[in-house]
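Here the sequence shown is numbered in this note's numbering, starting from 437 and rising by one per residue.
Keep in mind the hints are simulated off the structure, nothing from the lab. All C-beta atoms in this analysis are idealised placements derived from N, C-alpha and C, irrespective of residue type, glycine included. What you were told as hints is all true, and nothing was included just to trick you.
Keeping only pairs whose Cα atoms sit at most 25 Å apart, straight-line, the calculated DSS-like set for lysine-lysine is:
1) Lys550 / Lys476
2) Lys550 / Lys481
3) Lys542 / Lys504
4) Lys504 / Lys481
5) Lys504 / Lys539
6) Lys495 / Lys444
7) Lys498 / Lys476
8) Lys586 / Lys542
9) Lys553 / Lys498
10) Lys476 / Lys553
11) Lys476 / Lys465
12) Lys476 / Lys444
13) Lys586 / Lys622
14) Lys539 / Lys550
15) Lys553 / Lys481
16) Lys498 / Lys550
17) Lys542 / Lys481
18) Lys444 / Lys498
19) Lys622 / Lys542
20) Lys504 / Lys444
21) Lys550 / Lys504
22) Lys481 / Lys498
23) Lys550 / Lys444
24) Lys495 / Lys476
25) Lys481 / Lys495
26) Lys539 / Lys622
Restraint-style ranges between C-beta atoms, simulated for each label pair:
27) Glu616 / Tyr524: 31 to 37 Å
28) Thr493 / Arg620: 52 to 58 Å
29) Val464 / Glu604: 52 to 58 Å
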Amino acid sequence: MVTAGDFKNGITFEMDGDVYVVVDFQHVKPGKGSAFVRTKIRNVKTGATVERTFNPTDKFPKAMIETKEMQYLYNDGELYYFMDNETYDQVPLNYAQVEDAIKYIKEDMTATIKFHKGEAFSVEAPNFVELLITVCEPAVAGNTATGATKPATVETGALVLVPLFVNEGDTIRIDTRTGEYMSRLK
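Whenever a hint applies, use it, and build me the whole structure from the sequences.
This is the structure we're talking about:
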């Protein structure tokens, strides 16, 4: 059990049949009245964020979140299939569960899948990925403005802003947490 007075960022707990993670918290001790905990919590399955206040003595069961490294296999048009590298079990996930990560994951790449009570609820791409640029306009001669960027589409379909010197056919490194271009690879 975890009490509201022990809340910290990242703590997961169960409330009203759902699993929540503490995004932000503040212990408040007003001059008059009893203390309370003001929080911003996110439902880990739906992604909805809610602001709530709790009495510091409120108790909640701690949610056990399991993470597994799994290999992305393929998409059949509706579901995205991931394989456990140890047991070779395949887990089908829908677009809502993979939408943030799938734009940076190509077939045979490894991703982190989060589970609660054996049910997968989210996918995280590796922090950095190397992807091939499939569509990119060529740089115009003389257009060398410092810090100028242009849009480029990578092999997974994601759109990334890249410097003018990057061309179609180049492989680039992308930070998946921000979606930003990091470097061009030789």
